[in-house]
Amino acid sequence: MLLEVKDLRVQVRPEDEEAEGAVKEILKGLSLAMNAGEVHAIMGPNGSGKSTLSHVLAGKPGYEVTAGEVLFDGEDILELEPEERAAKGLFLAMQYPVEIPGVAYMQFLKVAVNAQRELRGEEELSTPDFMRLVREKAQKLGISMDMLKRPVNVGFSGGEKKRMEVLQMAVLEPKLCVLDEIDSGLDIDALKVVADGVNALRDASRGFLVITHYQRLLNYIEPDFVHIMVNGRIVESGGKELALKLEREGYAAFQDAA
Amino acid sequence: MSKPIRRLAAEETWREALPVRDAQTAWLDAARAEAHARFAELGLPTPRTENWRWSDIHRYLNAPYAPLAEAPLDNDVLQALLQSHLLGVADASVMVFVNGRFSQQHSRIMEEEGVEILALSEAPVAIDWADIAADADDAVDLLNMAHVTDGALIRVRAGVDASIPLLIVNVAAGAQGHSVALRHFIRVEEGAHFTLFEAQLGGGDMVASQITRAIVHDDASLTRVQVNERDEAAILLAALKAEVGAHGALHDTALLTGGRYTRQNTQVAFTGDHAEATANAAYLLRGRQHADTRLKVLHTQPHCTSRETFRCVMDEHARGAFQGLIHVFPGAAKTDGEMSAHGLLLGEDAEFDSKPELEIYHDDVVCAHGSAVGALDEQQLFYLRARGVPERTARAMLVAAFVGEVFDAVDDERVREALTAFAERWLADGTKASGEAA
Chain A
199 MLLEVKDLRV
209 QVRPEDEEAE
219 GAVKEILKGL
229 SLAMNAGEVH
239 AIMGPNGSGK
249 STLSHVLAGK
259 PGYEVTAGEV
269 LFDGEDILEL
279 EPEERAAKGL
289 FLAMQYPVEI
299 PGVAYMQFLK
309 VAVNAQRELR
319 GEEELSTPDF
329 MRLVREKAQK
339 LGISMDMLKR
349 PVNVGFSGGE
359 KKRMEVLQMA
369 VLEPKLCVLD
379 EIDSGLDIDA
389 LKVVADGVNA
399 LRDASRGFLV
409 ITHYQRLLNY
419 IEPDFVHIMV
429 NGRIVESGGK
439 ELALKLEREG
449 YAAFQDAA
Chain B
91 MSKPIRRLAA
101 EETWREALPV
111 RDAQTAWLDA
121 ARAEAHARFA
131 ELGLPTPRTE
141 NWRWSDIHRY
151 LNAPYAPLAE
161 APLDNDVLQA
171 LLQSHLLGVA
181 DASVMVFVNG
191 RFSQQHSRIM
201 EEEGVEILAL
211 SEAPVAIDWA
221 DIAADADDAV
231 DLLNMAHVTD
241 GALIRVRAGV
251 DASIPLLIVN
261 VAAGAQGHSV
271 ALRHFIRVEE
281 GAHFTLFEAQ
291 LGGGDMVASQ
301 ITRAIVHDDA
311 SLTRVQVNER
321 DEAAILLAAL
331 KAEVGAHGAL
341 HDTALLTGGR
351 YTRQNTQVAF
361 TGDHAEATAN
371 AAYLLRGRQH
381 ADTRLKVLHT
391 QPHCTSRETF
401 RCVMDEHARG
411 AFQGLIHVFP
421 GAAKTDGEMS
431 AHGLLLGEDA
441 EFDSKPELEI
451 YHDDVVCAHG
461 SAVGALDEQQ
471 LFYLRARGVP
481 ERTARAMLVA
491 AFVGEVFDAV
501 DDERVREALT
511 AFAERWLADG
521 TKASGEAA
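Line by line, the protein sequences give chains A and B. Just add 198 to wherever you are in the first sequence, counting from 1, and you've got this note's numbering. Just add 90 to wherever you are in the second sequence, counting from 1, and you've got this note's numbering.
Note that these hints are calculated values from the structure, not bench results. Among the hints, a few may not be true.
In silico EDC-like pairs for lysine to aspartate or glutamate, Cα to Cα no more than 20 Å straight-line [said to hold, decoys possible]: (1) A:K359 <-> B:D467; (2) A:K347 <-> B:E495; (3) A:K258 <-> B:E481; (4) A:K347 <-> B:E481; (5) A:K258 <-> B:D467; (6) A:K347 <-> B:E503; (7) B:K424 <-> B:E447.
Using the sequences and the hints, build the whole thing.
So this is what it looks like as structure tokens:
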């Protein structure tokens, strides 16, 4: 099994440790299992905890896991640092890719690739090999090399930022890609480009966890399984037809189930 | 209620010490004596002096630091310093001043047509083109003048686009408990261009005083890069006083990363229209280091442009300070000035004080200033880590990115790369050093 989330409970830790009243449980016993080669979609209304799930999987600070476990390739990763999870092949494509002035995209990618290789005990990729790899992947996504000379995400449009997330995925070749609302802020053309990029990466050894509000994305990235998430739990799972049902009926029917 | 200001041990010593008499530069004795007398009247600035509000020099100048006469020289230490400093990568003529004295042996001055370079101590009489007089209202300048032993005198003749920069190395080895004073003068004549590098090295518990006066004539330009890499016990009192003529340019960059306490006074005055000046600096400070810059840009002429960019990183208990003023005088129409000072605090006890100011006495101008202070951005840090970059590397990348803007503007490729590489490894080196100490 590629990913197994068992009865996961997560709180948001208040900034001020004293303020106990501020502790808020976001994930309330969430379970999920997926195999390599599968595409799972998680759909849910605002505030259901979708982004929290993606953050907790990637190891973002600020969350407290109070119960449950997350097994990635059979290994519990909750105690691992974000960089260790990345090196093991977990990739979070972010809803809001962060701008980093002063760090060129190419430099960032090279440091990331080689840091992951080092953590895995592999040899560093030489500069020519790295350049070849990036050029090839960028070309497929229609990304100019000029863009890679610019600082990370600075001044990029929403579409460009998401396309660059897909480029990172293509270069880093993770085993599990968690796509957190990769469709947000994209027009239909940009959505197609991003979806094509994702689809090109689909293969038997790689899994995708696609988090979205809207069924529309799933027309382009076709899932094998769909899960409905409400109030911190998966309340219903099924095939791709579940997304269509949701589109017709809305979340209200599922909210009762929660 | 404020405490009475007690007289400093160092100040006492400097008042009592006779101004330097030097057979080689006897022509300077009168000026030294005059500066000494004036300094005795003025005394050192106190924390109540507005220009010095973030530098409690009482904390630092509490030992005698008598002017250094003769010092036993540790040649191994000196060689090690000269071989490994950042600006050493520059392809340049080199003038080395050891413990306040020009060292022919360590210097290498390449001849270039139209460029005159000599040491103050080599001048038998006053040089008519070098005006090294001190400012009668500036105690630190006067003190430097009173005890000056040497310095560099540079003249670039009209129309000469000098191809060989000059690296001035001001190094102390075995000067503990003393002070040394250098005065440099550089004159870039009409239409000429010159590049100057200044390195501050060595130290121990000592005070290095250095004044650089620069006169940039019409259509001329001077580029200066200064690096303070002194050791963690040293005190540096440095100043740049520059005048820039019509259509002239001054580009000044500083990296302050060494020393226990660094005080940098920079003053740029435009003497002609359509001139431009940039004064940028990066601080990379840790431990209990303290660096403080007082910057004044005097827009006395119309159509002049100035840009001041300060990016200051303080780790552990370090303290950075910046006071900058863009002063637009009556008649300085179309002045375009922009000043920004940003502080990045890595340690919980680190501190950054910043006061960018505008004083504008003419209507038709565009001026702006900004200041910000904060910690590393957690979102950026997570983004890098989520891509596999270890936390320590990610932090180092963000620190280097923060100061990168300052170094990007350095034209000399080798120097720019050396500064950038230094910024990239600065954080990791510090972690390593603290780890070894513990």
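Against the structure, the hints come out as follows:
1. A:K359 <-> B:D467: Judged against 20 Å, a Cα distance of about 19 Å means the pair holds.
2. A:K347 <-> B:E495: holds (15 Å)
3. A:K258 <-> B:E481: holds (12 Å)
4. A:K347 <-> B:E481: violated (23 Å)
5. A:K258 <-> B:D467: holds (13 Å)
6. A:K347 <-> B:E503: holds (18 Å)
7. B:K424 <-> B:E447: Between B:K424 and B:E447 the Cα gap is close to 18 Å, so the pair holds against 20 Å.
When each numbered hint is compared with the structure, a violation occurs for hint 4 only.
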